[in-house]
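As they're listed, the protein sequences go chains A and B. Heads up, the first sequence is in UniProt numbering, so the first residue is 1 and it goes up one at a time. Heads up, the second sequence is in UniProt numbering, so the first residue is 1 and it goes up one at a time.
These are computed hints drawn from the structure, not numbers from a lab. Misleading hints may appear alongside valid ones.
[Said to hold, decoys possible] These stretches of chain B come out as covered by chain A in the derived footprint (C-beta under 8 Å, 3 or more residues):
#, segment
1, 121-131
2, 180-188
3, 211-222
4, 245-252
Predicted model only: the values in this text are computed from it and were never measured. Cβ coordinates follow ideal geometry from the N, Cα and C atoms, glycine included.
2 protein chains.
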Amino acid sequence: MNVTIIGLGLLGGSFALGLKESQLFDNLNIIGVDKNPDHAIKAKELGIIDQIDELDEAIKRSEMVVLATPVDIMVKQAPIVLEKLPEKALLIDLGSTKGDICEAVRSHAKRDQFLALHPIAGTENSGPEAAFASLFTNKMMIICDHELSDKQGLELILQICEKFQMRVSYMNSKEHDLHIAYVSHLSHISSFALGLTVLEKEQNEKNIFNMAGSGFSSTVRLAKSSPAMWSPIFQQNAGNISEALDAYISKLQEFKAVIDNQNTSKSYELMEEANDIRRVLLGISKTEIKDKKGKKWYQYLKDKFLKPKSA
Amino acid sequence: MNVTIIGLGLLGGSFALGLKESQLFDNLNIIGVDKNPDHAIKAKELGIIDQIDELDEAIKRSEMVVLATPVDIMVKQAPIVLEKLPEKALLIDLGSTKGDICEAVRSHAKRDQFLALHPIAGTENSGPEAAFASLFTNKMMIICDHELSDKQGLELILQICEKFQMRVSYMNSKEHDLHIAYVSHLSHISSFALGLTVLEKEQNEKNIFNMAGSGFSSTVRLAKSSPAMWSPIFQQNAGNISEALDAYISKLQEFKAVIDNQNTSKSYELMEEANDIRRVLLGISKTEIKDKKGKKWYQYLKDKFLKPKSA
Numbered sequence: 001m002n003v004t005i006i007g008l009g010l011l012g013g014s015f016a017l018g019l020k021e022s023q024l025f026d027n028l029n030i031i032g033v034d035k036n037p038d039h040a041i042k043a044k045e046l047g048i049i050d051q052i053d054e055l056d057e058a059i060k061r062s063e064m065v066v067l068a069t070p071v072d073i074m075v076k077q078a079p080i081v082l083e084k085l086p087e088k089a090l091l092i093d094l095g096s097t098k099g100d101i102c103e104a105v106r107s108h109a110k111r112d113q114f115l116a117l118h119p120i121a122g123t124e125n126s127g128p129e130a131a132f133a134s135l136f137t138n139k140m141m142i143i144c145d146h147e148l149s150d151k152q153g154l155e156l157i158l159q160i161c162e163k164f165q166m167r168v169s170y171m172n173s174k175e176h177d178l179h180i181a182y183v184s185h186l187s188h189i190s191s192f193a194l195g196l197t198v199l200e201k202e203q204n205e206k207n208i209f210n211m212a213g214s215g216f217s218s219t220v221r222l223a224k225s226s227p228a229m230w231s232p233i234f235q236q237n238a239g240n241i242s243e244a245l246d247a248y249i250s251k252l253q254e255f256k257a258v259i260d261n262q263n264t265s266k267s268y269e270l271m272e273e274a275n276d277i278r279r280v281l282l283g284i285s286k287t288e289i290k291d292k293k294g295k296k297w298y299q300y301l302k303d304k305f306l307k308p309k310s311a
Numbered sequence: 001m002n003v004t005i006i007g008l009g010l011l012g013g014s015f016a017l018g019l020k021e022s023q024l025f026d027n028l029n030i031i032g033v034d035k036n037p038d039h040a041i042k043a044k045e046l047g048i049i050d051q052i053d054e055l056d057e058a059i060k061r062s063e064m065v066v067l068a069t070p071v072d073i074m075v076k077q078a079p080i081v082l083e084k085l086p087e088k089a090l091l092i093d094l095g096s097t098k099g100d101i102c103e104a105v106r107s108h109a110k111r112d113q114f115l116a117l118h119p120i121a122g123t124e125n126s127g128p129e130a131a132f133a134s135l136f137t138n139k140m141m142i143i144c145d146h147e148l149s150d151k152q153g154l155e156l157i158l159q160i161c162e163k164f165q166m167r168v169s170y171m172n173s174k175e176h177d178l179h180i181a182y183v184s185h186l187s188h189i190s191s192f193a194l195g196l197t198v199l200e201k202e203q204n205e206k207n208i209f210n211m212a213g214s215g216f217s218s219t220v221r222l223a224k225s226s227p228a229m230w231s232p233i234f235q236q237n238a239g240n241i242s243e244a245l246d247a248y249i250s251k252l253q254e255f256k257a258v259i260d261n262q263n264t265s266k267s268y269e270l271m272e273e274a275n276d277i278r279r280v281l282l283g284i285s286k287t288e289i290k291d292k293k294g295k296k297w298y299q300y301l302k303d304k305f306l307k308p309k310s311a
């Protein structure tokens, strides 16, 4: 099986390594395409890919093509790659925005050979050196607009997800972009802005180095993320992100007013509400259930929601 | 040696466990004081303390007393405990704000028996169950206004820090509060506000659970922190935090304008600037140094700054 990975950074590289480790395919041959020749050579050296090739040559002999470039590039590449894609081959993307790419191939004659994916996985590092085989293990794969894609392609991806031990969720691409603006894109901007605020204030860097605890490090971690990856994401999802930023800024202003007014009971209350994120991230529902002996249990969101609605 | 810990939560409990593990003192006897009897009993059960006692009884037979209560309580307790402290005994606090407590004991006859400490260590968890012996290992201990404290007390703390493998830094208490507003308190509020924004928007919790990656989890981690601990910190350091919040909000507004205007080159630039936080947190200075062979090195901030200025 020939698989072409376009874009040999953290995501594309990790997907390649994951496929290799899965041993799902006999004679797996991974072809790498990257406009940066240093990345391609490095990816080959690191054993991420088996060979380097030009885009057109690579596509022609592939059963699966993976788009893992920045999302602005992806949107341009998707229709072009589809055009050249052999019959029955599958094109997937791993981008953080789904609306624009789905729109770009909406009326394409080969639309059903494309499947839009967003693996909820990543680190603040980039480039082929940042790739590792287990990046996707136990993570969530969001599959968008799957009803527009061929069933066989979807089956192949579900097989890969199972091998990667990924959970799967199905969403509409436009809904995806709205929710991901809050749950992922906003936290990147909050972190970038925090990094900038502190760097600007603390001209003497030793104060940051000396006073930064694990709390600051954790909150500011995403500020290390790649601008090349994130700048086009912010552009593509501008409307949703702008809305999310408005909500975030007004929440910060509420906090500031409470602090300025020394309203400690209200600040306590706000924080107590925010604490609820612990329960939600653990996947525990608000609803208590009683068993036959009257013992109370919390229902896990996992059980309730995570079975694919359809496949 | 009798040591009294007042407040048996994450910090007080971990300090007690660290002292036990250090084996620095013969016949170490740790007396626990907590207004919550459940905490005191739990701390005894967990082997954090050796006995439970009332405040007055505990102080009078202690060579060291540690304040690890919320900072509003601490400020009231410090002068009272000092009053009752035996001659030559030492009182320390482990609070996140230093201005108010130093002010509260400024003119106290026994001021030199008090040493103001801020260990840059913590987790989002609280209570005696959250305590662990290595919380302070390899962390920074900030010692404030040490020139007002007795040299013997400082020596004892430096010994403990060495055993805990802590780095030590000296600061003025007012300066401490300004800088910590940016490097610690602000990141807590940014995280609380992020948690609230997302919880409010996503009425359907499965969206958060499904779409939250390690990035969101990391940025929102501090939103799990204890309101009882943080509400009085925000009150005491309100002026500095308010200033930091203004700077943060205006940075977010700058980001929002850039995104609204689809100014991708400017958003790239902002993120690239923010990326510099990676270097700063690694403790690498901006200045390159060349060695004799012309090879370039970065100087570590650690080497340059982290030796105590005086002791």
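To see whether the hints hold, each was checked on the structure:
1. 121-131: holds (count 4)
2. 180-188: Coverage by chain A holds here, the residue count being 7 at a Cβ distance below 8 Å.
3. 211-222: holds (count 12)
4. 245-252: holds (count 7)
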